[in-house]
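Visitor: Make a model of the complete structure from these sequences and hints.
So the sequence lines, in the order shown, correspond to chains X and U. Numbering-wise (my numbering), the first sequence opens with residue 1 and increments by one. Numbering-wise (my numbering), the second sequence opens with residue 1 and increments by one.
It is possible that some hints are incorrect.
Copies of the same chain look alike in the list, so a pair counts if it works inside one copy or between any two.
Simulated pairs of lysine to any residue, SDA-like, Cα-Cα distance not exceeding 20 Å [unchecked claim]: (1) K24 - N3; (2) K43 - Q383; (3) K222 - G314; (4) K24 - Q7; (5) K222 - R310; (6) K222 - I315; (7) K85 - A125; (8) K24 - D49; (9) K336 - N88; (10) K16 - L6; (11) K16 - G209; (12) K16 - N3; (13) K371 - V52; (14) K87 - E355; (15) K161 - R78; (16) K345 - P206; (17) K222 - E307; (18) K345 - T31; (19) K222 - W313; (20) K222 - S316; (21) K24 - S166; (22) K16 - T207.
Think of the hints as simulated: they come from the structure by calculation, not from any bench.
Number of protein chains: 2
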Amino acid sequence: MLNFDLQLPSRIHFGKGKIGELGKEILQYGTRVLLVYGGGSIKQSGLYDQVVQVFKDNGIDYEELAGVKPNPRISSVRKGIAICKDKNSQLVLAVGGGSSIDCAKIIAAGAKHEGDAWDFFTRKARINEALPLGTILTLAATGSEMNGNAVISNEATMEKKGTGSSYLIPRFSILDPEYTYTVPPEQTAAGTVDIMSHVFEQYFSPTPGTYIQDRMSEAMLKTCIHYAPIAMAEPQNYEARANLMWTGCLALNGLLSAGKRTDWATHDIEHEISALYDITHGLGLAILTPYWMRHVLDEHTAVRLSEYARQVWGISENDNMTAARLAIKQTASFFKSLGLAASLKEIGVENIRLEEMAQKAVSSRELGAFKPLHYQDVLEILQAAYEGAEL
Amino acid sequence: MLNFDLQLPSRIHFGKGKIGELGKEILQYGTRVLLVYGGGSIKQSGLYDQVVQVFKDNGIDYEELAGVKPNPRISSVRKGIAICKDKNSQLVLAVGGGSSIDCAKIIAAGAKHEGDAWDFFTRKARINEALPLGTILTLAATGSEMNGNAVISNEATMEKKGTGSSYLIPRFSILDPEYTYTVPPEQTAAGTVDIMSHVFEQYFSPTPGTYIQDRMSEAMLKTCIHYAPIAMAEPQNYEARANLMWTGCLALNGLLSAGKRTDWATHDIEHEISALYDITHGLGLAILTPYWMRHVLDEHTAVRLSEYARQVWGISENDNMTAARLAIKQTASFFKSLGLAASLKEIGVENIRLEEMAQKAVSSRELGAFKPLHYQDVLEILQAAYEGAEL
Numbered sequence: 001m002l003n004f005d006l007q008l009p010s011r012i013h014f015g016k017g018k019i020g021e022l023g024k025e026i027l028q029y030g031t032r033v034l035l036v037y038g039g040g041s042i043k044q045s046g047l048y049d050q051v052v053q054v055f056k057d058n059g060i061d062y063e064e065l066a067g068v069k070p071n072p073r074i075s076s077v078r079k080g081i082a083i084c085k086d087k088n089s090q091l092v093l094a095v096g097g098g099s100s101i102d103c104a105k106i107i108a109a110g111a112k113h114e115g116d117a118w119d120f121f122t123r124k125a126r127i128n129e130a131l132p133l134g135t136i137l138t139l140a141a142t143g144s145e146m147n148g149n150a151v152i153s154n155e156a157t158m159e160k161k162g163t164g165s166s167y168l169i170p171r172f173s174i175l176d177p178e179y180t181y182t183v184p185p186e187q188t189a190a191g192t193v194d195i196m197s198h199v200f201e202q203y204f205s206p207t208p209g210t211y212i213q214d215r216m217s218e219a220m221l222k223t224c225i226h227y228a229p230i231a232m233a234e235p236q237n238y239e240a241r242a243n244l245m246w247t248g249c250l251a252l253n254g255l256l257s258a259g260k261r262t263d264w265a266t267h268d269i270e271h272e273i274s275a276l277y278d279i280t281h282g283l284g285l286a287i288l289t290p291y292w293m294r295h296v297l298d299e300h301t302a303v304r305l306s307e308y309a310r311q312v313w314g315i316s317e318n319d320n321m322t323a324a325r326l327a328i329k330q331t332a333s334f335f336k337s338l339g340l341a342a343s344l345k346e347i348g349v350e351n352i353r354l355e356e357m358a359q360k361a362v363s364s365r366e367l368g369a370f371k372p373l374h375y376q377d378v379l380e381i382l383q384a385a386y387e388g389a390e391l
Numbered sequence: 001m002l003n004f005d006l007q008l009p010s011r012i013h014f015g016k017g018k019i020g021e022l023g024k025e026i027l028q029y030g031t032r033v034l035l036v037y038g039g040g041s042i043k044q045s046g047l048y049d050q051v052v053q054v055f056k057d058n059g060i061d062y063e064e065l066a067g068v069k070p071n072p073r074i075s076s077v078r079k080g081i082a083i084c085k086d087k088n089s090q091l092v093l094a095v096g097g098g099s100s101i102d103c104a105k106i107i108a109a110g111a112k113h114e115g116d117a118w119d120f121f122t123r124k125a126r127i128n129e130a131l132p133l134g135t136i137l138t139l140a141a142t143g144s145e146m147n148g149n150a151v152i153s154n155e156a157t158m159e160k161k162g163t164g165s166s167y168l169i170p171r172f173s174i175l176d177p178e179y180t181y182t183v184p185p186e187q188t189a190a191g192t193v194d195i196m197s198h199v200f201e202q203y204f205s206p207t208p209g210t211y212i213q214d215r216m217s218e219a220m221l222k223t224c225i226h227y228a229p230i231a232m233a234e235p236q237n238y239e240a241r242a243n244l245m246w247t248g249c250l251a252l253n254g255l256l257s258a259g260k261r262t263d264w265a266t267h268d269i270e271h272e273i274s275a276l277y278d279i280t281h282g283l284g285l286a287i288l289t290p291y292w293m294r295h296v297l298d299e300h301t302a303v304r305l306s307e308y309a310r311q312v313w314g315i316s317e318n319d320n321m322t323a324a325r326l327a328i329k330q331t332a333s334f335f336k337s338l339g340l341a342a343s344l345k346e347i348g349v350e351n352i353r354l355e356e357m358a359q360k361a362v363s364s365r366e367l368g369a370f371k372p373l374h375y376q377d378v379l380e381i382l383q384a385a386y387e388g389a390e391l
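Guide: Right, here's the structure in full:
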């Protein structure tokens, strides 16, 4: 186990009716709020009206940045920053999934920054300050509600990049599983894959001796595997929605990465795909993950992959390599059973752009830590995933 | 899953050499510190000298409250409060295990309170304020380093009681597994049982639908079972010490109890024993736990107890009741394998005082939530544990 520092300062309000905490939370920071959200779903569900009612009841002035898209754009961020600066906003409130939250995070930082917000992603500028941020979560997926990370796309440069800072950690997050009742099955599936991928990126690590972190990772994977089909079949199953929502939050708040090196190669590769094609992040991950597993499998990594096989899938096969292969197939079957595509060509990715994506993915560094990847590795993973090759 | 609120604000500095963070942490709060510790072990290990050196290097004035005993006494707390008030201390720093930390917590609260500190335990007074608190942990057991709970004994009234407040949560805790290298095998065993008992008290719950919490509980139990024998056989095994230390911290910081009712009957019964007999808390828990499990086992609770059997002990028996019984026996065998006593009479508890303990345990309320206990239940558990009856 490696040394680590950890603090989890977000106040989590979890459960039915927890929007009752919203007014009190906002008033700790001020009365001028920028409300950030995506499409019309929070209007259809009535959540938008509830939030506005809280503003009215508590004398809170608000501006809106609506229409934040999946794979949120730096142009939306810039709009939000302009509003905050113009209206002297005191808090940014994201209502939605990871896209709205990530967008709100960079707005919060950009509102306290002189230059352009894309500078945070090119390392031209550091985040040294940010407006306080609160979130109301409507999708179990990114874990952005309890961490300081954000991923933003630059439509001009066709790049998708991440940044992180403790200043971006939400002060509070309201997690009401009922707000995810309206999430359609395909988004529930993609969100669950995103959660599982976050766990994989931290579980598959070269750091030895991280037994407690690894057993907790398996706990979260089992939860996703157990509840995703239930939530898809019964969208209003509170137990399923609650377990997925809380697991999504725990999966990327620092608990699983504490004390170990993490991988993130699959995410990095997926980011290159969704920078070029506006596909759902979780869908891209579902296609890539089994091929990443298959590519990194060797005598050495088979130890961990077979542990995954036995602990998560209950595979009793004794030979590590065989157990690992079975687990990889099982992983792909599970994603397929959720109705997700199993090849990049099915979702419109073009063969001719694979080399470009591989090149971009490794442009600044080798990828991953469990088994470091170079250009040829990434290309092979992309090609196999493109074809939906036999695993 | 029930509604919950959760925040984990303690800054955890985990790993070798993390005492390097101490000076910077203290100086955030001031330069006048009360140092609270137990016996001479931190002097023998050299940790005391390291801490004093940090004080000197950073211009920090300190007073000492030494000699805090296991099952810390309210008299020690009162001494510490007097020093804080006299010297106008700005931070209380506990160096040791749960006893020193719990003592320091109530000193921190008492320093900001007019009346007597025992009032916090009789509910005559509420904790509305406290000095900032930091800890350097030297024993993996109580989890006190990342929560707001404290248990104190009153030698005058022969009572042992707990209290809790968010004001008592340490601002920072330094967890260096190397500081536990000198913990002798019997204390390593007792500390591990304490951790496992914390998990049991939260795992065995009447709340349905807490899948993620339950799988995380099993992760922590498996870690304890895996590493306790290793840490006892190889006291300087960093991996074992690190996993036990981090698990002890995670087991009682709020993660496992979030969203569910918790039990705590075994702890409540043990407190009555250690209020009368100054025995090691973890040892008392090791003796009581299997008899508590056996007593609460019925057709209804067998569902969860058999889940414990299968997930933690790998018992493949299909019948719930049989699986549960096997797991209870396995639990007792494991504690015995750690060299712990298996009956109350072996450790000097007297038969004639069992009724008094049972009476006190249920004096203000029924005990537990998994299966609520009344006087006769508690007495039967104590009698079976006294004899070390067949399980």
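Visitor: The structure should be examined with respect to each hint, and the outcome stated for every one.
Guide: Verification of the hints:
1. K24 - N3: Answer is between; shortest inter-copy Cα gap is 18 Å, intra-copy 37 Å.
2. K43 - Q383: Cα proximity of K43 and Q383: none, with 41 Å in one copy and 62 Å across.
3. K222 - G314: both (10 Å within a copy, 16 Å between copies)
4. K24 - Q7: between (23 Å within a copy, 16 Å between copies)
5. K222 - R310: For K222 and R310, both the intra-copy (12 Å) and inter-copy (15 Å) Cα distances are at most 20 Å.
6. K222 - I315: Close inside one copy (13 Å) and across copies (19 Å); limit 20 Å.
7. K85 - A125: Answer is within: at 18 Å inside a copy they meet the 20 Å cutoff, but 46 Å across does not.
8. K24 - D49: within (18 Å within a copy, 46 Å between copies)
9. K336 - N88: So K336 and N88 fail the 20 Å test inside a copy (48 Å) and across (65 Å) alike.
10. K16 - L6: Classified as between; 15 Å across copies, 29 Å inside a copy.
11. K16 - G209: between (39 Å within a copy, 14 Å between copies)
12. K16 - N3: between (37 Å within a copy, 7 Å between copies)
13. K371 - V52: neither (49 Å within a copy, 44 Å between copies)
14. K87 - E355: neither (45 Å within a copy, 69 Å between copies)
15. K161 - R78: This pair counts as within: shortest intra-copy Cα distance 16 Å, inter-copy 55 Å.
16. K345 - P206: So K345 and P206 fail the 20 Å test inside a copy (32 Å) and across (49 Å) alike.
17. K222 - E307: Both ways: K222 and E307 sit 13 Å apart in one copy and 14 Å across, limit 20 Å.
18. K345 - T31: neither (49 Å within a copy, 64 Å between copies)
19. K222 - W313: both (8 Å within a copy, 17 Å between copies)
20. K222 - S316: Intra 16 Å, inter 18 Å, cutoff 20 Å: intra and inter.
21. K24 - S166: between (23 Å within a copy, 18 Å between copies)
22. K16 - T207: For K16 and T207, only the inter-copy Cα distance (16 Å) is at most 20 Å; the intra-copy one is 39 Å.
Hint compliance for this structure: hints 2, 9, 13, 14, 16, 18 are not met, and every other hint is.
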